[in-house]
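Undergrad: Residue-level listing of the chains:
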Amino acid sequence: MGLTRRYGTLVAVDHLDLRVESGSIFGLLGPNGAGKSTTIMMLITLLPPSEGGAMVAGYDIIRSPASVRRHIGYVPQSVSADGALTGAENLRLSARLYGLPRSERAERISEALEFMGLSEHADALVKKYSGGMVRRLELAQAMLHRPAVLFLDEPTIGLDPIARHAVWERLRELRQRFGMTVFLTTHDMEEAEALCGTLGIMHSGKLAALGAPEALKKQVGADATLDDVFIHFAGASLGDADSEGGRYSDVRRTRRTATRLG
Amino acid sequence: MTFAEHAALPPVSADAPPRSRGLVGRASGTVLDFARESSAVADVELRKIFRDPTELLTRAVQPTLWLLVFGQVFTRTRAIPTGKLSYLEFMAPGVLAQSVLFSAIFYGIAIIWERDLGIVHKMLVSPASRGALVFGKAISAGLRALSQAVIIILLSLVLGVRLRLDPVSLIGVAIVVVLGAALFSTFSFVIACLVKTRERFMGIGQVLTMPLFFASNAIYPIAMMPEWLRVVARVNPLTYLVNALRELMVQGGQSTVGLPTDFLVLTLACLVMVILAARLYPGIVR
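Protein chains in written order, with the numbering used here: chain A, 196 to 457; chain B, 2 to 287.
These are computed hints drawn from the structure, not numbers from a lab. There may be inaccurate statements among the hints.
Stated by the list, open to error - No more than 20 Å apart at the CA atoms, straight line, and that leaves these computed lysine to aspartate or glutamate pairs for EDC-like:
1) A/K322 x A/E302
2) B/K49 x A/D318
3) A/K322 x B/D53
What the hints assert, rightly or not - Just some of the chain B residues that point at chain A, by a computed CB distance under 7 Å:
4) V45
5) A111
6) K123
7) L125
8) A129
9) L272
10) V273
In this text the structure is predicted, and so the values were computed from the model without any measurement. In this text, a Cβ means the ideal position worked out from N, Cα and C, and glycines have one as well.
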């Protein structure tokens, strides 16, 4: 509620009010620097809000961050699986950090590997994985403890179309099988349309639009595409440093991620 | 069309209470949880070292040079009063302490690297206590330093240093080395959390190592120092590391303040650093 984060005088997230239905896939769109990542960082308790607050999975992010952490999963935009370890070792680390009982660890890990189609590569070093495999492993790590809410920051950035579709399919199934709520940020209109039941469009730290993809398109025009919707609400006038492509640091980070995963 | 009035409700529905999860629902924060979490971290760190042990070998180069070149030359000059011990015997524990310091002090670069990748985010978003995450890293850095102890002990034997080789002394040396490496690597962790970038970190790392080394009793006794330097040496944890190693490693070697004091200082300093690092760790992703 009124979630706000300032960096000096820059207001990255400005009194954001938003509600996400349990069990839905929610996509947060917006240009670089609109405040999407900052919003996620606050919701996953890694960044304290300057003002306001939020409830995640039934817990207050400010008063009980540890409870929030126990009930969420998070896949950052950059590569979070450890390349110097095998897929199974990465999962074992997560299982132990999340306190899965010893008796269930092995079963959960092989289940997660199978679910993500990585069983055959369980004992290969992650640095030998393809970008799509790394992403699926990261999803496996984030879902191992069956979180109520899964947060994903640009889940398919830098992936080829096949890998991208594979990730989408896994996300849909996570939602169906385990009733997980998925909260993701994306730049990719195709992803937003294919995956998300509800979209929020952020612009300069504020929520500029909220609704189902179809409804948003109708609002903008009879045969509007989601690109039109994006431009309409996040409306960029060229030369506006903030809306056109984000700040330098964002661009650098995004491109670096894309290179790593590619 | 305005969306501004769209229900002022919290992101991610509050009305869906989490299904009960006996599996992961146990409160963390107990000693057992702490041990499980930190051993999980230490376990993966050690796996990584064994997978690529080249680092352990390159770390042996510098102490070897110190002992072979510096040690041999200064043993001849007899310029430094070292009592009953030969200069080489005096400095061997100092070189071990130095080698522990020099490799631990750059440990923080790995934390910055992991932050850039997103591994730190994954760690911090887990329910594991931050203290346990830091402690696990500290222990792995400590165990890693044991390889240096092995190399320096063997080299000292070859050079004719009269070492204490009884099991109690050797175990004592191992404990002190682990403690010292844990202390300085966590100190490095703290610096990494404060400076946050590789460039600044490297600069500070370079600036710190030499003063810590020279303002200690690693290669000359405190008695030789000017008064102001003695004061610095007394608050320098490296002095206590050298002290403890000198008494435990070398026949006739003596700690200037007594082993219990050395242990106490090292343990307390390590504890303070772990607590500090645990407090600062989340800040590295901001």
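Undergrad: Now tell me if each hint is right for this structure.
TA: Do the hints match the structure? See the list:
1. A/K322 x A/E302: 24 Å, violated
2. B/K49 x A/D318: At roughly 14 Å apart (the allowed maximum being 20 Å), A/D318 and B/K49 satisfy the hint.
3. A/K322 x B/D53: 14 Å, holds
4. V45: 5 Å, holds
5. A111: 11 Å, violated
6. K123: At 4 Å from the nearest chain A Cβ, B/K123 passes the 7 Å test, so the hint holds.
7. L125: Holds, because the Cβ-Cβ distance from B/L125 to chain A comes to roughly 6 Å (cut-off 7 Å).
8. A129: B/A129 check passes; min Cβ-Cβ to chain A is 4 Å, inside 7 Å.
9. L272: Hint violated; B/L272 Cβ to chain A Cβ min 22 Å, cut 7 Å.
10. V273: With a closest approach of 23 Å, the B/V273 hint is violated.
When the structure is compared with the earlier hints, violations turn up for hints 1, 5, 9 and 10 and for no others.
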